[in-house]
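Sequences listed follow chains A and B, in order. The first sequence runs contiguously to residue 340 in UniProt numbering. The second sequence runs contiguously to residue 340 in UniProt numbering.
What the hints contain is simulated information worked out from the structure, not anything from laboratory work. C-beta: ideal position from N, C-alpha, C; glycine also. Just so you know, not all the hints are guaranteed correct.
Unchecked claim - 35 angstroms max Cα-Cα, derived DSBU-like pairs, lysine-lysine:
| hint | chain 1 | residue 1 | chain 2 | residue 2 |
| --- | --- | --- | --- | --- |
| 1 | A | K145 | B | K15 |
| 2 | B | K145 | B | K101 |
| 3 | B | K15 | A | K32 |
| 4 | A | K15 | B | K32 |
| 5 | A | K32 | B | K145 |
| 6 | A | K32 | B | K32 |
| 7 | A | K101 | B | K32 |
| 8 | B | K15 | A | K15 |
| 9 | A | K101 | A | K32 |
| 10 | B | K101 | A | K101 |
| 11 | B | K101 | A | K32 |
| 12 | B | K145 | A | K15 |
| 13 | B | K145 | A | K101 |
| 14 | B | K32 | A | K145 |
| 15 | A | K145 | A | K15 |
| 16 | A | K15 | B | K101 |
| 17 | A | K145 | A | K101 |
| 18 | A | K15 | A | K32 |
| 19 | B | K145 | A | K145 |
| 20 | B | K15 | A | K101 |
| 21 | B | K32 | B | K15 |
| 22 | B | K101 | B | K32 |
| 23 | B | K101 | B | K15 |
Said to hold, decoys possible - Under 10 angstroms between C-beta atoms, here's a sample of chain A residues computed to sit facing chain B:
| hint | residue |
| --- | --- |
| 24 | R39 |
| 25 | T73 |
| 26 | L76 |
| 27 | G83 |
| 28 | K101 |
| 29 | S103 |
| 30 | L105 |
| 31 | D108 |
| 32 | D125 |
| 33 | A292 |
| 34 | R294 |
Protein chains: 2
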Amino acid sequence: MTDAAPRSPSPSRAKLADVAALAGVSVGTASKALNGSGRMRPETRQRVLDAVEALGFRPNQHAQSLHTGRSWTVGLMTTDGIGRFSTPVLLGAEDALGAGKISVLLCDTRGDSIREQHHLRNLVDRRVDGIIVTGRRTDPRPPLKGIEPIPTVYALSPSTDPADISVVSDDRGGARLAVEHLLATGRTRIAHVTGPEHHAAARDRARHAVEVLERSSLGLATGRVHYGEWSEAWGRRAADAVLRTAPDTDAFFCGNDQIARGVADALRERGLDVPGEIAVVGYDNWDTMALASRPPLTTIDMDLTEIGRIAALKLLEAIDSGPVPGVHTVACRLVVREST
Amino acid sequence: MTDAAPRSPSPSRAKLADVAALAGVSVGTASKALNGSGRMRPETRQRVLDAVEALGFRPNQHAQSLHTGRSWTVGLMTTDGIGRFSTPVLLGAEDALGAGKISVLLCDTRGDSIREQHHLRNLVDRRVDGIIVTGRRTDPRPPLKGIEPIPTVYALSPSTDPADISVVSDDRGGARLAVEHLLATGRTRIAHVTGPEHHAAARDRARHAVEVLERSSLGLATGRVHYGEWSEAWGRRAADAVLRTAPDTDAFFCGNDQIARGVADALRERGLDVPGEIAVVGYDNWDTMALASRPPLTTIDMDLTEIGRIAALKLLEAIDSGPVPGVHTVACRLVVREST
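Pulled out of the complex, with its shape left as it was, chain A reads as follows (with noise of 0.2 angstroms):
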């Protein structure tokens, strides 16, 4: 390739009419043995089989798709840049879609509405036989635009119209694994202290720990649900706060691992002895952060992979028998560390 011009084949790779010539048959009769279709004898189907493999000779998959009007391509959008929260989905989705025989097509819109359409119309061009979009987000966003009737399956943040598929987080499973391992290991004057009051993960996790604790006739230690922002900084600042208010807490369910670390450290650094006085529970288990806490924390996992598996798995569906709507819950994970 030393130009703009038309690429020849490579000298060594076997032409469909190679193959034909190979095998003693036509080169129609070759091609309808490789897509399986036509009627003809075995053996002929078998000469044409034997001939491929003699001469290597690999299909061009522009050709099959012309013939069988799929493209065996997925597209994947991400509306965040590829973060810490849309990266494992995207791994876990093309895991099991790289399995097979599909390939992803990677779009990152970073939150450009302008990128998006210039990315779905690329992915419609390129008939794409489904799309995945998946974002940092657990809120409801609005569904893609222009792209029926192209299956498209919503991971992590689901879309707003229930006629969509869409595979989320089980918040509320989430917090309950939380407050009831903290409940379980004696501690019953437990604060929560989480993100913005307008991201829904926050909402969600602080309103299902509230029903737990109150299933216990218990409720938050310093009577509310300390919203912030999603950093060590808010969890250290937080921490003091909750002290003051309710000096007998003694245990702290974070919103993330970020505030948790943040609590841990303050809580350290005041003399106080996590778990020994105060245990610490976090969310996410994000390993930079859960596991460089001193001490480690324990924490929820989302498995997000899994988010992204399921969400190949559904798209996969709806490619071959078409699509069932619905909101797919997958299961979130307590892994427990020395912080508790």
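Model the placement of chain B on the given structure of chain A, informed by the hints.
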């Protein structure tokens, strides 16, 4: 789409025959007008383009690929599961390629040679115009096999074959920026704590740091490089070891931000003021680490997104005009924060 049978075009999707009919030309002429091939009167071509516009016709890219021999698709292969280092490289490449009409096929090999071969066969079958390979390490890697003559560019992890095209970070320049910044702010007893000696990134940055010190007739504060792990825990342990050997150390240059954060924590917990008594410089500008550190870290930014962007541009050049072997180096930036 409700079954696996060949998908019929959506009723709303105009066909080339519709374009030809509206323009009053044959399908062959319409095709030539769209592909820019064949001789015809400018008015004829314009009539076809007007019909395309009027009908909202979008050409089938698979048919186009058969015609032009180009798939307008590039493989992006990452060998480390899309980690913290490969992600910005992928994004930079995707941005540079996606701005045009080139799509990106994502392949994640997870360091597994069988997965790599599977993905490569798939990329060859799909007639990709080129391949970008990236990984998490700066150590040279063996070139991909069996892809001739597909142009390939190695990003971040260079190819061991000098006949290949590689785009790498300027580790020498990065180490120089860090040490010269410390010297410029009056530090002369500088310790170096870094990752494992068998990583090129650790060895190269250490060697270049020593070179810069020697040019000022200085050596490392402890007389040696402290090789260990890329972790906060190692940074904390190493800070203690350095201060035992050389209590008058006035600065730490660290091989990554996690080590630097560990050093900063250990110094604070010993009651030492950063940067008042001891300055700390990290490497990577990994925002989660550098900003959460107390104080926030001065660090070296490798500009991984730029490495991806340059790799994409070199690949486009190679596709259009033939590959020009060589190693391209992307400069680092010094990001000054409160730790110096």
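These are the hints, each one checked on the structure:
no.: 1; hint: A:K145 - B:K15; in the structure: 22 angstroms, holds
no.: 2; hint: B:K145 - B:K101; in the structure: 27 angstroms, holds
no.: 3; hint: B:K15 - A:K32; in the structure: 25 angstroms, holds
no.: 4; hint: A:K15 - B:K32; in the structure: 25 angstroms, holds
no.: 5; hint: A:K32 - B:K145; in the structure: 32 angstroms, holds
no.: 6; hint: A:K32 - B:K32; in the structure: 29 angstroms, holds
no.: 7; hint: A:K101 - B:K32; in the structure: 33 angstroms, holds
no.: 8; hint: B:K15 - A:K15; in the structure: 29 angstroms, holds
no.: 9; hint: A:K101 - A:K32; in the structure: 20 angstroms, holds
no.: 10; hint: B:K101 - A:K101; in the structure: 23 angstroms, holds
no.: 11; hint: B:K101 - A:K32; in the structure: 33 angstroms, holds
no.: 12; hint: B:K145 - A:K15; in the structure: 22 angstroms, holds
no.: 13; hint: B:K145 - A:K101; in the structure: 20 angstroms, holds
no.: 14; hint: B:K32 - A:K145; in the structure: 32 angstroms, holds
no.: 15; hint: A:K145 - A:K15; in the structure: 41 angstroms, violated
no.: 16; hint: A:K15 - B:K101; in the structure: 28 angstroms, holds
no.: 17; hint: A:K145 - A:K101; in the structure: 27 angstroms, holds
no.: 18; hint: A:K15 - A:K32; in the structure: 15 angstroms, holds
no.: 19; hint: B:K145 - A:K145; in the structure: 41 angstroms, violated
no.: 20; hint: B:K15 - A:K101; in the structure: 28 angstroms, holds
no.: 21; hint: B:K32 - B:K15; in the structure: 15 angstroms, holds
no.: 22; hint: B:K101 - B:K32; in the structure: 20 angstroms, holds
no.: 23; hint: B:K101 - B:K15; in the structure: 21 angstroms, holds
no.: 24; hint: R39; in the structure: 18 angstroms, violated
no.: 25; hint: T73; in the structure: 8 angstroms, holds
no.: 26; hint: L76; in the structure: 7 angstroms, holds
no.: 27; hint: G83; in the structure: 8 angstroms, holds
no.: 28; hint: K101; in the structure: 7 angstroms, holds
no.: 29; hint: S103; in the structure: 5 angstroms, holds
no.: 30; hint: L105; in the structure: 5 angstroms, holds
no.: 31; hint: D108; in the structure: 5 angstroms, holds
no.: 32; hint: D125; in the structure: 5 angstroms, holds
no.: 33; hint: A292; in the structure: 5 angstroms, holds
no.: 34; hint: R294; in the structure: 9 angstroms, holds
Of the numbered hints stated above, those contradicted by the structure are hints 15, 19 and 24, listed in ascending order.
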